[in-house]
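A.B. asks: Make a model of the complete structure from these sequences and hints.
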Amino acid sequence: YCLAPLVLFALLIVGGGKDGIMSERAVDDYLLAYTVGMYVYLLVKIKILIHELCTVLKIWCFDIVTPYYSKSSSVKGGCGDSIVANGSSLKKIS
Numbered sequence: 634y635c636l637a638p639l640v641l642f643a644l645l646i647v648g649g650g651k652d653g654i655m656s657e658r659a660v661d662d663y664l665l666a667y668t669v670g671m672y673v674y675l676l677v678k679i680k681i682l683i684h685e686l687c688t689v690l691k692i693w694c695f696d697i698v699t700p701y702y703s704k705s706s707s708v709k710g711g712c713g714d715s716i717v718a719n720g721s722s723l724k725k726i727s
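The sequence shown begins at 634 in our numbering and counts up by one.
By construction, these hints were calculated from the structure, which means they are not laboratory data.
What you are looking at is a predicted structure, and each value in this text was computed from that prediction instead of being measured.
Restraint-style ranges between C-beta atoms, simulated for each label pair: (1) Asp696 - Val647: 48 to 58 Å; (2) Ala659 - Val689: 37 to 47 Å; (3) Ile692 - Ala666: 31 to 41 Å; (4) Trp693 - Met655: 42 to 52 Å.
Note that CB positions come from ideal geometry on N, CA and C, so glycine has one too.
C.D. replies: Set out below in structure tokens:
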């Protein structure tokens, strides 16, 4: 559906004969609106993709060494102790 506006644009440019249906100002405005819309769309898609990948792989975005804790995750510590992730702080439960 990203190409539909470009197909419509081509039809509007060619449709009116030699000069087309759209004026030069309208063409510039249409292309600017399309470019901005696609830029925002791609940024949102990239943000969602990075978030989903980090969640599935259980890593932070640019720090793959530090474990990724979700709100309900628990990890076994040494000597049978359980470490529970609670927000941004970790509590050790004996």
